[in-house]
Every structure is written in C-alpha cells, then in structure tokens.
Amino acid sequence: MPYALRYGSSRSFYYNPLPNGVKWLLIANTAVFMLQFFAGLLGIGGIFLEFALWPRAVVNIVGVWQLFTYMFLHGGFWHILFNMFALWMFGTDLEREWGTKRFLHFYFLCGVGAGICVVLASLMFGGMDVATIGASGAIFGLLLAFGVLYPDRIILFSFLFPI
878 MPYALRYGSS RSFYYNPLPN GVKWLLIANT AVFMLQFFAG LLGIGGIFLE
928 FALWPRAVVN IVGVWQLFTY MFLHGGFWHI LFNMFALWMF GTDLEREWGT
978 KRFLHFYFLC GVGAGICVVL ASLMFGGMDV ATIGASGAIF GLLLAFGVLY
1028 PDRIILFSFL FPI
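One gets the numbering used here by counting positions in the sequence shown from 1 and adding 877 to each.
Because the hints were derived from the structure by calculation, they are not lab data. Misleading hints may appear alongside valid ones.
Pairwise CB distance ranges (calculated) [said to hold, decoys possible]:
#: 1; residue 1: I924; residue 2: V1007; range: 13 to 21 Å
#: 2; residue 1: L918; residue 2: W942; range: 20 to 28 Å
#: 3; residue 1: L997; residue 2: I1040; range: 25 to 33 Å
#: 4; residue 1: V1007; residue 2: W942; range: 40 to 48 Å
A quick note: this is a predicted structure, and the numbers were derived from the prediction, not measured. Heads up, the beta-carbon is just placed ideally off N, CA and C, and yes, glycines get one too.
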C-alpha cells in the first residue's frame, strides 16, 4: 500500500483549501453581483433583467439561455452571502470527492433543472411574467448530494446547534 494512502497524507506539500470549480463559481458570482450592484447605483441595473429567468421567454424559445444566466444574479447582499457560503461549505467536499468536471456538471444540471421546474410551475399555476434569480436551485442540489454522500457528518446550524 502506498505511503500516501496508508497515512492519509498528500503527495504534494501544497494543500489547496478551495478546489478550482468552487473557487471560480465564487469569483464569477461575486463579480456579477458587483457589476449588478454598481449598475444599480448608476441607474442602469435594468440591463441585468435580460439575464433573469423569465418563464414566458423560455417557453417562447427566445430566452432559453436564461436557464444558465439566472444562476449568477442575486437579489441582495444576504442572498448572495448565504448562497456562496453554502457553495463553499458543501461544494468543497463534493468537488474533492467527484473532481472538478463532474462537480460542475452536477452543479449546472441542478441549476438548469431548477429553472425548468420554475418554468413548468409557471405554466401550471400562472406567473409567466415573474422573474427568477439566484443560485438556490443549484445549491439545494449540492445540499442533497452532500446529505446522500455524507449522512453522518455533523453540521452546526447557526454555528450552535448540531444537526
């Protein structure tokens, strides 16, 4: 048995605490949020409405790309903070387990799947002209995968209560 497997050490002296997929998703989401924030201060924040998920546009095929772009927009500081905290907290372990390519495929599959669910719910219950933004659908997919892969892991709810 190799030394690294026997004693749990890595082969390199450098340990990357933040895998590349999570790191670039954090950077991209934060950069888009900053652009969105400063565009709002300048009074040109409306340009980002084209990137939100509008069910009517997706159904009419003119806005299918919105199934990807809505995940990078956020409604405020707390919205992005909690989404990115959950991405870091749960996505790091998942990416280390699966690798970057598989992790990103799963992340975007969950995000697009959540967007499709929003469109279908809008078709069934109305609200075709209500925009959806945020990475919450992708984040909940990560939470589900984390719970399946690590069912015995203790998480501190509000940093106080173990669940």
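Structure-based check of each hint:
Distance hint check: the CB atoms of I924 and V1007 are about 19 Å apart, consistent with the given range 13 to 21 Å. In this structure the supplied range 20 to 28 Å holds for L918 paired with W942, their Cβ-Cβ distance being about 26 Å. Between L997 and I1040 the C-beta distance comes to about 31 Å, which sits within the given range of 25 to 33 Å. At roughly 18 Å, the beta-carbon separation of V1007 and W942 lies outside the given 40 to 48 Å, and the hint is violated.
Checked against the numbered hints above, the structure breaks only hint 4 and satisfies the rest.
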